[in-house]
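Visitor: For the sequence shown, our numbering assigns the number 672 to the initial residue and increments by one for each residue that follows.
Hints in this document: simulated from the structure, not taken from any laboratory.
Keep in mind that a hint or two might mislead.
No more than 20 Å apart at the CA atoms, straight line, and that leaves these computed lysine to aspartate or glutamate pairs for DMTMM-like [what the hints assert, rightly or not]:
id, residue 1, residue 2
1, K1302, D1106
2, K798, E769
3, K759, E769
4, K1442, D1413
5, K1126, D1282
6, K1271, D1282
7, K1386, D1413
8, K715, D725
9, K708, D725
10, K1386, D1409
11, K951, E992
12, K1114, D1144
13, K951, D996
14, K1386, D1282
15, K1010, D966
16, K951, E987
17, K1271, D1248
18, K1457, D1492
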Amino acid sequence: MSTLAEMPCYTLINVPSDLEPWSEQKLKDDLEKGDVKMKTEALKRVIYQIINGDKMPGLLMVIIRFVLPSHNHMIKKLLLIFWEIVPKLGPDGKLLQEMILVCDAYRKDLQHPNEFIRGSTLRFLCKLKQPELLEPLMPTIRSCLEHRHCYVRRNAVMAIYTIFKNFNFLIPDAPELVHTFLEQEQDASCKRNAFMMLIHVDQDRALDYLSTCIDQVNSFGDILQLVIVELIYKVCRANPNERARFIRCIYNLLNSSSPAVRYEAAGTLVTLSSAPTAIKAAATCYIELIVKESDNNVKLIVLDRLIALQQNPAHEKIIQELVMDILRVLASPDLEVRKKTLDLVLEIMNTRNIHEVVMVLKKEITKTHTEESTTEDSGNYRQILVRTLHACSVKFPDVAESVVPVLMEFLGDSNEQAALDVLVFVREAVQRFPDLKPLIVEKLLETFSQIKSLKIHRHALWILGEYCENESDLLSVMDVIKSSLGEVPIVDDELRKAAGVEQVDDNQEQGTTTTKTRVTADGTYATESVFVSAAGSREDIKPPLRQYLLDGEFFVGAAMAGTLTKVALRYIGLVADNKKQNIFCAQSMLVMASILHLGKSGLSKKSITDDDVDRITLCLRVLANRTALMKDIFTVECRRALSNMLESNKQDSEDSTKANERKAVSIQADDPIAFMQLLATAENEILEDRYDQTLSQAVGLDKQEEDAKSSKLNKVTQLTGFSDPVFAEAYVNVNQYDIVLDVLVVNQTSDTLQNVVLELATLGDLKLVEKPSPILLGPHDFSNIKASVKVASTENGIIFGNIVYDISGGSGDRNCVVLNDIHIDIMDYILPASCTDTEFRQMWAEFEWENKVLQNISTF
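When you get a sec, could you build the whole thing from the sequences and use the hints?
Guide: Have a look at this one:
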């Protein structure tokens, strides 16, 4: 049993959703008596209604008599589509008698003086599946190979290729005919089509032709070079002994002017030869393509090929030698390309090239700071560079000394995440590399005043309190905190400033005057002078730590208290003078008490929390009592906890790497062996055809195993009962955020059902994209109706509706069949992914998933 849905389909046509079907009589009148414009519109309507399932057999003879003789090019285009979709077989499975007349029209078009009509007719013949229609046309098709225009000749080759592939008895000498044509042809597109046909139907003839012109391959057009590469790949894959014959040709094609040819030649070279020179030549070709191509998608695709080369243990050393060339890809402005490149560089670094790599990365990170550093991509790129340099320093400790000073300059970066990554690196470096401790502490004290972020200040305070151990560094920490906090007590100082007690020096500049030219309402010009008080501008600028506290961020105050406590306890252990000890402790305790006073005073935007009060109070008690236990906790145990955390992170990273390696071995001992594996005749032979694999990936057929497990039958939902007049079932095809419902509608009655409409509605964040068009169902006939639904959010949804129809010759209201609900599960269109804790928290903050509720708490 054959249906319209099972017939071959080649042309995609967008049918308007609001299209109302025309009656057959109106279509007949327009096709028979209308002018060219009316016939064109009527023919379009016929095509739309046939696509929707209305076969309309009564119009076939009308179109043959009144439309087929037309010479209008638009009508001829539409007729080619009409002949493609119209049913050509009768109920008995035999060819309709009317198609003989159509066949004669094909023959006349193949002899038409206009080359476009000839060529488009030849293209149409490639879609015919009825040998009875093609047989009378074969002499005419063969004669088109000698036409003066290349458009006709290349389409004639494709028609002969398709006919020979489907019905070789119609033209048994096609390979010989096309081989002769190829030897005489000069046009590149015609030669390409002919050569491609010989590749697939007679490789020996294709090789014979290639052997006669193998020295001139570089002078061919890119389309012909591509099929030559494909032929060499197929021949050498089937017969490895032929590699030596064609390997030089592939090497020459690596220098082709076409990027597509170079890409395919490099991929073929890798599959055909594992020699170091071949791998290096292919990798160099890939790098040049990435650097010179402007399309980011092309860059990413070629980068994946380069990464696949690196993942082969036999090729890793060869790729390592090209690391400096790979770093040229960083000139690309795309962030994803840069990230992938840096990941590859991290994998191929070794002790011989690490210093050159770090030098390039330091130049890149300096470049992002000096150029357009305000853009978001520049900040993100800087963050990736920081993480890469961090990984380089951990992997190769020898370069840490040269990396630290460069990275420390970015603590004041406007990109908070990049600065935080620098601090994470600094924290790990100062713990792992004790020799770098003086340098890191010195640079951190220098750059502390340049820090712009609350979080960075807090982390920097912790590092200074933990790793400053000599007297000068401890005093420097106290000076840095005092200068960043301003005069203490904070409350008294703020009240004094608010009361205007602070006087402005007479000799100091009182302000600045700015003069601007303005345009008045009547179009004349006027000058405007603005005086800005210097004292007023100075009052607005507060030290950073004080500004945080005034904004209510007292967590940084608690961190400051912990830092001061550690610094004071270490100072007491270093200095024997009791007076100096007491002065240092008194200054630290004054700062802590001042923070507590500010938190309770009401001058800050938010009051201090109980947790921060407890933390600062504990630090005050520790400095007041100075017990050995608390001193050990603050000066020893905190650093030990950091060491334990770093070791734990390192162990987790190693465990995850080992787990990924174990997952890569997915073939178990009791898995069945594919017989194709037994065909391996050479070492490292790639058995799967690379061209077939690429095509399968392009059309989405590369997951055959998954499709076998989740077949279409598992996604079919029954919508009506077997006893209903109209039976319906739907196949739910989920493609990311689009859902396509393929509904099979079967007329189970002996009546003709007119205006059969599938009416759908959605519940949830689902949106019906287009309304299905009405169809006509004959007795016991069936048809497929497609409906598209758009997913708007991550929620489950429900699709419901009914089928309404009219019975031919019946009277009364429309009949209705209610459909079962279709439940759309969120897991059908959500795919799992992974991200780090930092990225997760950043995205959580950006999307504001948490609902913030303001509360007023009264104090009694």
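Visitor: Enumerate the violated hints, using their earlier numbering and listing them in ascending order.
Guide: 1, 9, 14 and 17
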